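Novice: Read left to right, the sequence shown gives residues -22 to -1, 1 to 209 (mature numbering (1 follows the signal peptide of the UniProt record, and there is no 0)).
Hints in this document: simulated from the structure, not taken from any laboratory. Here the structure is a predicted model, which is why all the values come from computation and not from measurement. We put the CB at the ideal spot given by N, CA and C, even for glycine. Do not rely on the hints blindly, as some may be mistaken.
[To be verified] Below are the SDA-like pairs computed for lysine to any residue, each with C-alpha atoms no more than 20 Å apart in a straight line:
{"id": "1", "residue 1": "71", "residue 2": "115"}
{"id": "2", "residue 1": "127", "residue 2": "165"}
{"id": "3", "residue 1": "156", "residue 2": "134"}
{"id": "4", "residue 1": "105", "residue 2": "127"}
[What the hints assert, rightly or not] Between beta-carbon pairs, the in silico distance windows are:
{"id": "5", "residue 1": "105", "residue 2": "69", "range": "15 to 23 Å"}
{"id": "6", "residue 1": "12", "residue 2": "47", "range": "16 to 24 Å"}
{"id": "7", "residue 1": "61", "residue 2": "98", "range": "38 to 46 Å"}
{"id": "8", "residue 1": "47", "residue 2": "25", "range": "21 to 29 Å"}
{"id": "9", "residue 1": "95", "residue 2": "186", "range": "29 to 37 Å"}
{"id": "10", "residue 1": "61", "residue 2": "122", "range": "54 to 62 Å"}
{"id": "11", "residue 1": "63", "residue 2": "174", "range": "55 to 63 Å"}
{"id": "12", "residue 1": "86", "residue 2": "61", "range": "55 to 63 Å"}
{"id": "13", "residue 1": "69", "residue 2": "179", "range": "48 to 56 Å"}
{"id": "14", "residue 1": "25", "residue 2": "60", "range": "44 to 52 Å"}
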Amino acid sequence: MIKQSIASLAIVAAFASFGAQAATDAYVTNSTNVSDANPEGVVKNGIGECWQTGSWSADKAVKGCPGYVEPTVATPAPKPAPVVVAPKPVATKKQFTLKSDALFDFNKATLKPAGKDALDALVVEVKNLKPTEGSAIVVGYTDRIGSEKYNQALSERRAEAVRAYLVAQAPNAADMIKAEGRGEANPVTGDTCNNIKDSKKTRAKLVECLAPDRRVEVEVNGVTVETVEVK
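Sequences and hints are given; from them, build the entire structure.
Specialist: Here it is, written out as structure tokens:
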């Protein structure tokens, strides 16, 4: 009788010890049982069953015991793809000035072979013109030697000669290339050559001095498309 009482007291003491060390009120636990597979230190019987308390319920199941469900780790939301906004049109304008003496013989409107070579750099620009936004204007100028009427006509013929060459190289741009002559207007020499008289004796010197005024200007207007990526 005394031996049974002592045994009963030992069992009660053991349970009291387990309860005191419990990390969860749903199971009997002991810190000496803690492991990776049994992080709560749940006490198990000889066949591996977890010792549950009267507070146990399915939602209190812990790792290492029946009914436990491993929590789902939320998958990070995928990084949003870069947003590509609508292409932004960017206007471009290029100005080219060609010396008439390089393009034509003096007082002529027929392109020289060397003049055609000089225009080839412009051909690339003209070929890149966009049909709906692009344009090019060829403007011819002369010096002040000769009559104003004659110089106006000469500047028009020279501008048209340049246009014709560009169109021949880039026929698809024909409708976008215009030509006009402005004669003696807008001289770039200013009054630099005013001290040289227009006489037979000084004509060659005057022609040389006024060379910058004899020119063809080509203005190419286009639109490029700039794609902007917003990250």
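Novice: Evaluate each hint against the coordinates.
Specialist: Structure-based check of each hint:
A hinted pair counts as satisfied when its Cα atoms are at most 20 Å apart, and residue 71 with residue 115 qualifies at roughly 11 Å. Annotation: proposed proximity of residue 127 to residue 165 holds, straight-line Cα distance about 16 Å (limit 20 Å). Taking the CA atoms of residue 156 and residue 134, the gap is about 11 Å. The hint holds against a cut of 20 Å. A distance of roughly 34 Å separates the Cα atoms of residue 105 and residue 127; the hinted pair therefore is violated under the 20 Å criterion.
Look at residue 105 against residue 69: about 19 Å separates their beta carbons, and that is inside 15 to 23 Å. Separation of residue 12 from residue 47 is about 21 Å and conforms to the stated range, judged on CB atoms against 16 to 24 Å. Here the CB-CB span from residue 61 to residue 98 is close to 42 Å, well matched to the stated 38 to 46 Å. Distance hint check: the CB atoms of residue 47 and residue 25 are about 22 Å apart, consistent with the given range 21 to 29 Å.
Under the hint 29 to 37 Å, the C-beta atoms of residue 95 and residue 186, about 23 Å apart, miss the expected range. Look at residue 61 against residue 122: about 59 Å separates their beta carbons, and that is inside 54 to 62 Å. Between residue 63 and residue 174 the beta carbon distance is about 59 Å. The supplied range of 55 to 63 Å therefore holds. Taken as a hint, the range 55 to 63 Å holds for the pair residue 86 and residue 61, whose Cβ atoms sit roughly 58 Å apart.
The hinted range of 48 to 56 Å is satisfied by residue 69 and residue 179, whose Cβ atoms lie roughly 51 Å apart. For the hinted restraint 44 to 52 Å between residue 25 and residue 60, the CB-CB distance of approximately 59 Å leaves it violated.
Violated hints, in rising order: 4, 9, 14; the structure is consistent with all others.
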